[in-house]
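Using this note's numbering, count along the sequence shown one by one with no gaps and you end on 1317.
In short, the hints are calculated from the structure, not lab data. We treat Cβ as the ideally placed atom computed from N, Cα and C, and that holds for glycine. Treat the hints with care, as some may be off.
[As the list claims (entries may be wrong)] DEER-style ranges, computed between Cβ atoms: (1) A1312 with Y1204: 25 to 31 Å; (2) E1208 with G1299: 25 to 31 Å; (3) A1280 with I1315: 20 to 26 Å.
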Amino acid sequence: MRKMLLAAGCAFAISAPAIAGPVNDAADPQGCGLGSAVAATLRDALNQVVAENNGGLFSPNLMWAAIVDRAGVLCAVAKTGDAWPYSRQIAIAKAGTANGLSNNQLAFSTANLYSAVQPGGSLYGLNESNPYNAFFNQETTGNGPGSGVGRTLGGVITFGGGVALYHGGQVVGGLGVSGDTSCADHAVAYRMRKLLGLDAIPAGVGLNATDNIIYLAPGEAPNGFKHPHCIATDITP
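Modelling step: build the complete structure from the supplied sequences, incorporating the hints.
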């Protein structure tokens, strides 16, 4: 399974055709630059990783996952079980945030942003910079606005669960996960990216110069690029 997902990840990262429909949303296949394998690959990686010990409230984790391409276009959305409906748009915004704030020299996960956006932090106000387009909140097209696949939805989320995707030394998109604590969301996203083989980041501001989460100590005020603990079962992936 791991080899299959790695191969699929490379395939969708370097190919340019429009994607097949996402797993749980009605599809508008126009616009995404990550290739036809992205929807099935996202689903398979999510299903595999949520079965691991990722901490959080639920076991297995109940999650939404979303992928955007480098232009921020939503490529696919998937979910497991009875994931919180609100987490759909949160996952999309996390994917866009990690993609939009990473480049070929430095990767930011959304977990790295928590402290910096607090009052007095170096990125205070970032959350207001790129509003999410709530016109696309519904899950199916019907007679309404549709799922947003194939479009740029925006949004900024500054807690754990979003990571940038890298292939060939370049950012190719972002992955966002939501449905549990933000700490568990980060663990799932981080492990999914590794499973997909899209984790060769150039450098980061997180743990060991990566974009991994650094937890604040108990009682420690937000600082640098650290993230608070969520619950006692938190892990560092």
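Hint check:
1. Checked against the given bound of 25 to 31 Å, the beta carbons of A1312 and Y1204, roughly 30 Å apart, stay inside it.
2. Look at E1208 against G1299: about 29 Å separates their beta carbons, and that is inside 25 to 31 Å.
3. Against the hinted window of 20 to 26 Å, the Cβ-Cβ separation of A1280 and I1315 comes to about 22 Å, which satisfies the hint.
The structure fails none of the hints (numbered hints given earlier).
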